[in-house]
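Protein chains: 2
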Amino acid sequence: MVTMTEVARAAGVSVSTVSHVVNGTRLVATATRERVQHAMDMLGYQHQPTARSLSAGTNRTIGLAITVATNPYWVELIQGIDREATRAGLNLIIVDTRDDARHESVAVANLLAHRIEGLITAPADGWRELTLPMLRDHALPYVLVDRITPDLRVDQVGVENEAATIAIIDHLISLGHTRIGMLSGIPGLSTSTERVHGYHAAHQRAGLPVDPELILVGSSTTDGGRKATWELLQFDDRPTALFAANNSMAIGALAALSAAGVKVPADMALTAFDDFPWADLFSPGLTTVAQPSAAIGARAVQLLLRRMNDPDAPPQTVRLPAEIMHRQSCGCVSR
Amino acid sequence: MVTMTEVARAAGVSVSTVSHVVNGTRLVATATRERVQHAMDMLGYQHQPTARSLSAGTNRTIGLAITVATNPYWVELIQGIDREATRAGLNLIIVDTRDDARHESVAVANLLAHRIEGLITAPADGWRELTLPMLRDHALPYVLVDRITPDLRVDQVGVENEAATIAIIDHLISLGHTRIGMLSGIPGLSTSTERVHGYHAAHQRAGLPVDPELILVGSSTTDGGRKATWELLQFDDRPTALFAANNSMAIGALAALSAAGVKVPADMALTAFDDFPWADLFSPGLTTVAQPSAAIGARAVQLLLRRMNDPDAPPQTVRLPAEIMHRQSCGCVSR
DNA sequence: CTGCTTTGCGCAAAGACTTGCGCAAAGCAC
DNA sequence: GTGCTTTGCGCAAGTCTTTGCGCAAAGCAG
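As given, the protein sequences belong to chains A and Z, one line each in that order.
Each residue of the first sequence is one higher than the one before, starting from 1 at the first, in full-length UniProt numbering.
Each residue of the second sequence is one higher than the one before, starting from 1 at the first, in full-length UniProt numbering.
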């Protein structure tokens with residue numbers, strides 16, 4: 001492996017000078033700089049940030065701890081983070097948390113061992129007990145994405161769950177629906193509770209009573225969505241519209257409805273949180289709430305950068321607006 | 001940050017002893033070892049593999065360079081690699097290649113900077129020119145997954161594309177189909193060509209002629225699949241069955257067929273490569289070729305381990321068998 | 001008790017890089 | 001020409017860990 005020492009010898013300068021041209025940390029005469037550059041090219045010098053991090057304690061690398069899941073929302077989030085990190089000159093390395101607090105903590109320990117200087121994470125349930133203490137021990141700057149913890153003073157980015165839910169429920173109400181079923185996500189996650197809040201708020205605003213029986217837990221899975229939908233279909237006083245709090249449950253709902261021979265949107269209107277690329281390939285096309293995943297990711301990187309530069313900055317919670325993608329399943333017959 | 005020096009002082013031993021108890025590299029008297037352990041616990045010592053890699057040149061970390069995509073196949077592959085790496089005591093860090101050779105090379109350079117000791121990658125087109133030379137320069141052990149390059153003597157793992165395709169086409173033929181349309185993937189990738197080979201081989205074996213017009217490029221995307229299907233529907237002598245070479249194209253096909261009012265499987269049988277969780281939620285359920293993604297990932301890790309231990313071992317190409325998931329879309333009315 | 005082996009541990013160099021300090025040369029005003 | 005400021009660069013210490021070498025103590029056979 002070719003080291004700075006060799007480059008220095010080849011260029012006839014000291015290693016400190018080589019270091020300074022590599023990092024641009026102090027002025028180096030143009031002629032000297034070019035000699036060094038040339039020597040590096042000749043020898044094929046490869047910088048070793050890992051050694052730098054030893055002495056300088058910095059390597060421009062941030063970590064992302066997230067669950068690697070098939071959900072397009074996560075994938076776009078990761079892509080958004082990756083792109084923004086690249087733009088900011090940061091290296092990004094990713095580890096899988098498996099959405100499990102125990103595994104999350106070992107994954108983060110792994111990142112820590114690689115001397116990351118900041119962390120972005122979509123915390124699993126149990127994160128506060130297992131992972132957070134490690135981050136504090138290391139005084140590592142971090143920001144939370146997707147899942148917001150309101151009672152914690154930390155930097156975090158998510159979508160406007162409540163407002164978006166209100167908007168879509170509102171839409172259903174304006175179409176004349178008064179009994180709207182809801183399939184809610186994994187209990188305990190902030191995203192789940194916020195969406196339920198939105199459901200209530202929309203009803204209240206419209207002066208409509210909420211029938212608590214219409215809110216079923218679908219646990220964010222396809223199977224959970226299917227079962228919950230099936231239950232709703234058993235009611236004497238069936239809902240006429242359905243809102244699934246994420247895309248997997250929506251797919252489950254779709255399956256249950258078609259199995260039961262319920263026509264969408266004629267017999268039942270259907271809407272969902274989370275857009276996905278083939279949402280309009282179903283017939284009818286699914287009306288969804290599209291999260292700005294990439295923007296959320298980018299914003300997370302920016303927050304992290306800010307925190308890395310100023311550890312004492314006041315913590316910030318950012319909410320990005322979502323967009324309703326009108327298709328056919330809601331029955332409003334647009335396009 | 002607490003270093004070995006501090007632990008050593010606290011335990012009243014030298015740093016070398018601390019290092020040896022941490023790594024188990026030489027015999028340390030039980031009493032001493034316990035003192036050191038205790039000191040580490042008290043001080044909350046965190047090992048710094050990055051510093052080790054400086055002097056010892058090893059840190060037990062491997063990298064994964066892969067495209068972070070919504071395709072469930074990739075996701076399961078990543079999960080398989082992650083689990084097997086954990087089992088083997090290896091740390092895994094992931095970077096996104098965006099399935100683009102240029103970006104892939106910077107991502108790999110990033111990994112290299114973190115002193116990984118091995119790499120698993122699903123190479124993008126152009127990999128041989130941009131990334132491979134870097135790997136060779138660094139003498140880095142690596143293994144390829146998913147995409148097999150037959151003319152390169154390297155370690156690689158993939159699925160039996162040809163055999164699996166033969167099996168599924170055979171199934172269609174046995175159901176009486178003689179004109180079978182094929183939607184093929186991104187041209188140039190080994191997976192694509194192998195599946196086309198399988199298509200031909202199955203026909204040959206059955207003594208059936210191949211009509212080249214029936215093989216259309218769908219480029220592995222939903223949209224490509226839809227367009228190609230639409231074209232096939234225009235033929236006077238329409239195919240009676242369809243085989244999509246990946247899941248995205250299958251979804252596109254499904255969309256095109258339903259838009260055209262073609263009933264599956266009555267008017268057109270449909271099968272596809274790549275299973276996905278909600279394949280049986282469509283009606284009819286999609287008959288697919290399921291790849292053992294997790295097993296492929298695990299195997300890749302094993303191959304890498306072997307190569308890391310023995311750089312001169314003969315390169316190995318591993319093919320894992322796929323499984324046909326019979327559902328309704330093929331028209332064979334199983335279950 | 002002597003001399004040899006084994007067991008247990010410390011010393012110090014090495015590994016690749018950064019950076020505070022300080023020196024020398026050049027530039028400049030007077 | 002003199003004295004002061006810039007500009008440009010080298011020296012060497014420091015970062016955390018590993019490991020070859022070698023020393024001391026303990027164990028043991030004779």
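Derived by calculation from the structure, the hints in this document are not laboratory data.
Where is the CB? At the ideal position from N, CA and C, for every residue including glycine.
Accuracy of the hints is not assured; some may be wrong.
Ranges between beta-carbon positions, derived for each pair [what the hints assert, rightly or not]:
1) Z:D310 / A:E323: 34 to 42 Å
2) Z:L43 / A:Q316: 32 to 40 Å
3) A:A31 / Z:P314: 31 to 39 Å
4) Z:D125 / A:L208: 21 to 29 Å
5) Z:D137 / A:T25: 38 to 46 Å
6) A:M42 / Z:E129: 39 to 47 Å
Subject to a maximum C-alpha distance of 25 Å in a straight line, what follows is the list of computed DMTMM-like cross-link-like pairs (lysine to aspartate or glutamate) [unchecked claim]:
7) A:K263 / A:D236
8) Z:K263 / Z:D211
9) Z:K227 / Z:D137
10) Z:K227 / A:D280
11) A:K227 / Z:E213
12) A:K227 / A:E213
13) Z:K263 / A:D100
14) A:K263 / Z:D280
15) Z:K263 / Z:D236
16) Z:K263 / A:D280
17) Z:K227 / Z:D280
18) Z:K263 / Z:D280
19) Z:K263 / Z:D223
20) A:K227 / A:D100
21) Z:K227 / Z:E117
22) A:K263 / A:D237
23) A:K227 / A:D237
24) A:K263 / Z:D100
These are the hints, each one checked on the structure:
no.	hint	result
1	Z:D310 / A:E323: 34 to 42 Å	violated, 54 Å
2	Z:L43 / A:Q316: 32 to 40 Å	holds, 34 Å
3	A:A31 / Z:P314: 31 to 39 Å	violated, 51 Å
4	Z:D125 / A:L208: 21 to 29 Å	violated, 55 Å
5	Z:D137 / A:T25: 38 to 46 Å	violated, 27 Å
6	A:M42 / Z:E129: 39 to 47 Å	violated, 22 Å
7	A:K263 / A:D236	holds, 18 Å
8	Z:K263 / Z:D211	holds, 23 Å
9	Z:K227 / Z:D137	violated, 43 Å
10	Z:K227 / A:D280	holds, 15 Å
11	A:K227 / Z:E213	violated, 44 Å
12	A:K227 / A:E213	holds, 15 Å
13	Z:K263 / A:D100	violated, 43 Å
14	A:K263 / Z:D280	holds, 19 Å
15	Z:K263 / Z:D236	holds, 18 Å
16	Z:K263 / A:D280	holds, 19 Å
17	Z:K227 / Z:D280	holds, 23 Å
18	Z:K263 / Z:D280	holds, 16 Å
19	Z:K263 / Z:D223	holds, 20 Å
20	A:K227 / A:D100	holds, 24 Å
21	Z:K227 / Z:E117	violated, 44 Å
22	A:K263 / A:D237	holds, 17 Å
23	A:K227 / A:D237	holds, 18 Å
24	A:K263 / Z:D100	violated, 43 Å
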